[in-house]
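S.K.: Spelled out, the chains give:
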Amino acid sequence: MLRLNHHEHKSYTLSENPYKPELARIISVDPMVEDNYLFRFRFEDAQLNQRFQYRPGQFMELSVIGVGESPISISSTPSRPGVIEMCIRRAGRVTNALYRLKPNDLIGLRGPFGNGFPMKKMNGNSLLIVAGGLGMVPLRSALLYALDNRQDYQRIILMYGTRYPDYLLFRSELEALALRSDVECRLIVEKSALSKDTPEWHGRTGLVTDLFDDLQDLDVQKSYALVVGPPIFYRFVLSKCLDLGFSKDRILMSLERRMECGIGKCGHCEIGNKKVCTDGPVFTYWDVMNLPEMI
Amino acid sequence: MKVSKLPKANVNKFLESLQDFGEVIIPKEKQEQPGVYMFDTMTDPSEVAWEYLRTIIPPKKYLTKPKEVIFKFDSQRGFEEVIEDAEQKRVLFGLHPCDIHGIKILDVVFTHQYTDPYYTRRRNNTVIIGLSCIPDEKCFCKSMHTDYTEDGFDLALSDIGDGYLVAIGTSLGDDLVAERADLFTEVEETDRRKYLDFRKKRNQSFKLDLDIDDLPYILDLEQHSPIWDELGKRCLTCGSCSMVCPTCYCFNVYDELNLDARSGRRIKQWDACLFKDYALVAGGHNFREDRAERVKNRYYHKQFRMVEQYGKPSCVGCGRCINACPAGIDVVEVLTKVREGSYAETESS
Numbered sequence: 012m013l014r015l016n017h018h019e020h021k022s023y024t025l026s027e028n029p030y031k032p033e034l035a036r037i038i039s040v041d042p043m044v045e046d047n048y049l050f051r052f053r054f055e056d057a058q059l060n061q062r063f064q065y066r067p068g069q070f071m072e073l074s075v076i077g078v079g080e081s082p083i084s085i086s087s088t089p090s091r092p093g094v095i096e097m098c099i100r101r102a103g104r105v106t107n108a109l110y111r112l113k114p115n116d117l118i119g120l121r122g123p124f125g126n127g128f129p130m131k132k133m134n135g136n137s138l139l140i141v142a143g144g145l146g147m148v149p150l151r152s153a154l155l156y157a158l159d160n161r162q163d164y165q166r167i168i169l170m171y172g173t174r175y176p177d178y179l180l181f182r183s184e185l186e187a188l189a190l191r192s193d194v195e196c197r198l199i200v201e202k203s204a205l206s207k208d209t210p211e212w213h214g215r216t217g218l219v220t221d222l223f224d225d226l227q228d229l230d231v232q233k234s235y236a237l238v239v240g241p242p243i244f245y246r247f248v249l250s251k252c253l254d255l256g257f258s259k260d261r262i263l264m265s266l267e268r269r270m271e272c273g274i275g276k277c278g279h280c281e282i283g284n285k286k287v288c289t290d291g292p293v294f295t296y297w298d299v300m301n302l303p304e305m306i
Numbered sequence: 002m003k004v005s006k007l008p009k010a011n012v013n014k015f016l017e018s019l020q021d022f023g024e025v026i027i028p029k030e031k032q033e034q035p036g037v038y039m040f041d042t043m044t045d046p047s048e049v050a051w052e053y054l055r056t057i058i059p060p061k062k063y064l065t066k067p068k069e070v071i072f073k074f075d076s077q078r079g080f081e082e083v084i085e086d087a088e089q090k091r092v093l094f095g096l097h098p099c100d101i102h103g104i105k106i107l108d109v110v111f112t113h114q115y116t117d118p119y120y121t122r123r124r125n126n127t128v129i130i131g132l133s134c135i136p137d138e139k140c141f142c143k144s145m146h147t148d149y150t151e152d153g154f155d156l157a158l159s160d161i162g163d164g165y166l167v168a169i170g171t172s173l174g175d176d177l178v179a180e181r182a183d184l185f186t187e188v189e190e191t192d193r194r195k196y197l198d199f200r201k202k203r204n205q206s207f208k209l210d211l212d213i214d215d216l217p218y219i220l221d222l223e224q225h226s227p228i229w230d231e232l233g234k235r236c237l238t239c240g241s242c243s244m245v246c247p248t249c250y251c252f253n254v255y256d257e258l259n260l261d262a263r264s265g266r267r268i269k270q271w272d273a274c275l276f277k278d279y280a281l282v283a284g285g286h287n288f289r290e291d292r293a294e295r296v297k298n299r300y301y302h303k304q305f306r307m308v309e310q311y312g313k314p315s316c317v318g319c320g321r322c323i324n325a326c327p328a329g330i331d332v333v334e335v336l337t338k339v340r341e342g343s344y345a346e347t348e349s350s
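Chains W and B are the protein sequences, given in the same order. Note that the numbering used here gives residue 89 to position 78 of the first sequence, counting from 1, and the numbers run on in steps of one. Note that the numbering used here gives residue 83 to position 82 of the second sequence, counting from 1, and the numbers run on in steps of one.
By construction, these hints were calculated from the structure, which means they are not laboratory data. Among the clues, some could well be false.
Claimed, not checked - Capping the alpha-carbon separation at 30 Å, the derived lysine-lysine pairs in BS3-like fashion look like this:
{"id": "1", "chain 1": "W", "residue 1": "K31", "chain 2": "B", "residue 2": "K277"}
{"id": "2", "chain 1": "W", "residue 1": "K113", "chain 2": "B", "residue 2": "K73"}
{"id": "3", "chain 1": "B", "residue 1": "K29", "chain 2": "B", "residue 2": "K90"}
{"id": "4", "chain 1": "W", "residue 1": "K31", "chain 2": "B", "residue 2": "K68"}
{"id": "5", "chain 1": "B", "residue 1": "K195", "chain 2": "B", "residue 2": "K143"}
{"id": "6", "chain 1": "B", "residue 1": "K105", "chain 2": "W", "residue 2": "K31"}
{"id": "7", "chain 1": "B", "residue 1": "K62", "chain 2": "W", "residue 2": "K31"}
{"id": "8", "chain 1": "B", "residue 1": "K105", "chain 2": "B", "residue 2": "K338"}
Quick caveat: nothing in here was measured; it's all calculated off a predicted structure.
Chain B on its own, in the form it takes in the complex (with noise of 0.2 Å):
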């Protein structure tokens, strides 16, 4: 891999010049609520919230929107595809290797067997560059394996003090340093050594840590612990944890009518499996009906079938979701207990 390193002093002129690719995506700090950072679009680089850690929602809302347009219909005519920003280019700045990861995974989902055309349009419009971080006590990418990324990502950002590393990982990538070449520097020996201190000041920072091995036959194993009917007395189902997951896709599809009751509409919308229609059949058969069995189905969702799938879990470690559940659920907690064996019994003591 291609790298280069861009001095501070020359970072913002370099997020300028990335307006003229596109639409430019950064975090930024919430005005109302300090602390709390969102994507947002950048209208001056001094906004970008360098220190923050994670958003509320993941990038994950610029490719598959939480609410779309996919046809047009007409009941004479049929239906006309739609795509919300087919034509916007953007750039994501400021992704950690977790979104990264995410973004990775979402990748397979939605071109696995079919392609999602809503998702990949965007997708090949975005550009990606990530920008290394320093973990909380809620990140536990490294458990995951998602601590860093090789690929994924069109440039990637480290701190090295005075400056960045950037290393570049696409073509794409190379033009948009190659755009403003005055900007970079060449790489020199003192910064490999700082970057290997970040790495280990770095490294040396994870407070969580989940062991994964054998993850998916624990679960298996754990069918039926007693775990799962505790979790659904806990859980209140609100789908928070969906729908600020990197790596949640489900969705709804339904069809709004215009007032002449012959054209209209056809919406695809964020869903959560936590919700209690979510596995509800046409005749009124719910499947999941308990919300222990629905719980349980997100965590074997995450832990186990992406495995079988895809060959991974679809957990990043970002911590979000432990973050934002209003019943102070933690993932890790949950499934360190499970591979204990114990859930019950700290329950009840």
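The shape of chain W in the complex, shown without the other chains (with noise of 0.2 Å):
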């Protein structure tokens, strides 16, 4: 079996307390999706700023202060550092008051948690980047990193899916990837208009499991599938995996559950035989369907 688990969990934002949070500074707040928004952090300390690390499809513990702490996918890539990019939903008690701070105000983070990508050992691989909906956010820290990196990877391939062109998350900035030879980026809708009032479509309508037929080339014995979104959509995109011939440790998942301390102490995450926050919250295949309540 392939192990995900990086045992040797460096916290680069903390030393003593891994509960600490730091003080981070919000950049900006552009909406995206719906209830989504993109949230650009900083932390007050300079030097921490510089050499915070972290690995793409690590998560986050934010605080609120005074409010609480949840945790959040970061979806900026290591490779860009110095700012701190989260799309963060509105969806709980934490995320709600995020949404009545504005630019300028203070939180807390703390982290960065979680085993994330295995990066360096898909290294000489080709990666397929299958995403559904809000999937979309921890993948986007692994696609920008993979073309930071380009000479590291054969092939980089996006398949990404949403009902409705406007519910496509980094939009504008994966259409002009489109442009680029060396990504494939492929984006596929289920309908072409959310209303009238929206823009025409011009793009591919299905669903994401159609992409799958233009993959028939696909070397996926030197391949990793990241597959990242709701349910359903992991039922049909797994399958199809597998019918492309991937073996279910090549195939990689980003799981959520409730990571309320992030490092394996509080509970609240863990699943089967799991802990999401310290095991996870990336998963191959292979752990998943060992798990009854993984999905």
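Using the hints, put the two chains back together into the complex; each one sits in its own frame.
M.R.: Below, the structure written as structure tokens:
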């Protein structure tokens, strides 16, 4: 079994107390899709901000001071240091309170936590990145990281599907990628328009699984599939990956649970025989299929 | 291991001498409830309930507190670490082997990969002194291989009639003995024999047995056993079993705001996986909405996930959960029936 579990968990923001949040400032807040906004943060401590490192696929614990903490995926890439980007959905108590804050307000951040995607291990392989809906949030970090280290990977293929064009996260950024010859960026939407007022969609319509028809030439022995999306998406995409011939330990998924402490102590994110916060959030399909409660 | 002997006539003097090290915590009988015991601060050595078998709450309450402040915060200055009792030295006296094993498990959980400074700070200031016991009908530590321990204590006392054999487990334990060397005597041949007799008597006293061979595998096979739904119907999900469990460590973290609405405290508080909102995530999805799922999770955590993650189960056979359950659920009975595949049959007959 492929071991994604990095036993040496180094926390770059903290030394002694892994529960201690560090102050960070909101640099900007930009609306994305529906209730999703892109927040940019910077640690108040300039030195800390400089040396802060993480891996794509890791998460942080974000504190709205006086309200509480919430685990949030990192959407930026460590290859572009200085700013931490998180695409945050207004979903619970903490994120609702975060939406009342403005640029220049202070929050708390601690982490990074979790294993993240094994970017080094995947060197020399092709990456098939398959995202559904909000699944793009953690995958954007892996995508940008791979693009910034282009020579380390063979083909980089992004297949991203949403219900409507307006629901595509990071849409303009991804559409710009379509112009690059070193990345195969394929976007697809179920319905071409949310309403009559929205601009026309010239891309493909259908389901993200339709895009698998174009992958017959992919060397699955030398590829990894990074798959993140809603439960229904997994059901169909995983079987497509298996049909292509991917072995179960070359299919990587990122799971969401209530990672309250982030450091494997509080118990809330434990499922089957794993802790999502320290054994994950990235798991192989083999791991996941052996855990009855996983998805 | 170095072993010495403490005659019973000298025990109280020894207990008094421990107060020089720190607050001495002993098993006491509750005045208003005879036969019910608790760990509490010693004011006089005569308060020690030597015959006690299990306290309501295990000694974990001194290491991972039921509720504690972990930070003070201010919206502009950020978070300032608070460790309650950080400097408080304590002697936990009279712990049975099951409770020492419980602490050994907590030690692993709270230091694995990341170190929890709240637990470890208090743990490092804690002396552990064990005490032998004779099991009752709810003890199954022998089945869990926690009826005896070679480590995890500074001193361990075994009752041999006229005195205690004192196993010295650490350098600190050795210092505690050396401090009152006048109270201790050499171990003689007759003492050794008395100890062997005691072991024999104790081993023969176990009435409850649980077969844990292959238990993780059995549980994996029985993921869909009807037992879990049956248990879901019986269990009140009150969380009593978790509160009284020497190895249950789950907690919640939340903020309490002062009236100025900009400063306050971050609190860490015991939680239980049986509570309905335990696996609730933002947006309202509950990964274990179903009561049966939550009960099942507790069993799988103790006997399956812990084995996978840390190499041994996190049940020490102390019998507290059997004692505490208002619905009369008995962990040994449940796991035995899971193994036999007989739960549904006995329920319907």
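S.K.: If a hint holds in the structure, say so; if it does not, say that too.
M.R.: Structure-based check of each hint:
At roughly 28 Å between alpha-carbon atoms, K31 (chain W) and K277 (chain B) fall within 30 Å of each other, so this suggested pair holds. Simply put, K113 (chain W) and K73 (chain B) have alpha-carbon atoms about 23 Å apart, close enough for the 30 Å limit, and the pair holds. The suggested pairing of K29 (chain B) with K90 (chain B) holds, with an alpha-carbon distance near 20 Å, which does not exceed 30 Å. Taking the CA atoms of K31 (chain W) and K68 (chain B), the gap is about 18 Å. The hint holds against a cut of 30 Å.
Our distance criterion of 30 Å between C-alpha atoms is met by K195 (chain B) and K143 (chain B), whose separation comes to about 21 Å. Distance restraint check for K105 (chain B) and K31 (chain W): the Cα-Cα separation of roughly 25 Å lies within the 30 Å cut-off, and the hinted pair is therefore satisfied. In summary, the hint linking K62 (chain B) to K31 (chain W) is supported, as the alpha carbons are separated by about 23 Å, within the 30 Å threshold. Simply put, K105 (chain B) and K338 (chain B) have alpha-carbon atoms about 29 Å apart, close enough for the 30 Å limit, and the pair holds.
Every hint, counting from the list given before, is met by this structure.
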